Amino acid sequence: MEISQHHKTALLFGASGLVGNQCLLQLLGHPAYRKVISFGRRKLELEHPRLEQHVINFDNLEKYGSLFKGHDLFSCLGTTMSKAGSREAFFRVDFTYAYESARLAVANGASQLLLVSSVGADPESLFFYTRVKGELESA
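Positions -6 to 132 (my numbering) are the ones given, in order, by the sequence shown.
FYI, nobody ran anything at the bench for these hints, they're computed from the structure.
Quick caveat: nothing in here was measured; it's all calculated off a predicted structure.
For every residue, glycine included, the Cβ atom is placed at its ideal position computed from N, Cα and C.
It is possible that part of the hints are untrue.
Said to hold, decoys possible - Simulated DEER-style distance windows between Cβ atoms: (1) V99 / R43: 32 to 38 Å; (2) H23 / M74: 30 to 36 Å; (3) A132 / V12: 26 to 32 Å; (4) E117 / S59: 32 to 38 Å; (5) P24 / A132: 28 to 34 Å; (6) G102 / V12: 37 to 43 Å; (7) R43 / E130: 14 to 20 Å; (8) A132 / K36: 38 to 44 Å; (9) E55 / L106: 16 to 22 Å.
Work out the full structure: start from the sequences and follow the hints.
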């Protein structure tokens, strides 16, 4: 991960997942970031002096908007159809939560968004999963 500025704050969504957890470890080990602010549905087991954790209700993101202050937003939010239980619930996690967190972070000064998406993401896809990912990339 090549980063030119120093002493930045990273906002991280989805740190409890496989990709998000690896992203968290990379950010905590990178000298460019003085602080990593993690947002999730539950507290992570990891404790670190540069990690600030917030347990939030993603259905009320506006309530936490003032906390979304950082330079770079890393969005690793995602679920599976089986965990979500329905297309509507999947869309809410993979599109709505990711989109709204990015919108709030940009409104609070974030200048860079790094999004974990999918191979084949396409808003015109016949497959629901890749269509949702494509819609998010296009939003």
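Now for the hints, and whether the structure bears them out:
no., hint, in the structure
1, V99 / R43: 32 to 38 Å, "violated (23 Å)"
2, H23 / M74: 30 to 36 Å, "holds (33 Å)"
3, A132 / V12: 26 to 32 Å, "violated (20 Å)"
4, E117 / S59: 32 to 38 Å, "holds (37 Å)"
5, P24 / A132: 28 to 34 Å, "holds (32 Å)"
6, G102 / V12: 37 to 43 Å, "violated (25 Å)"
7, R43 / E130: 14 to 20 Å, "violated (30 Å)"
8, A132 / K36: 38 to 44 Å, "violated (29 Å)"
9, E55 / L106: 16 to 22 Å, "holds (19 Å)"
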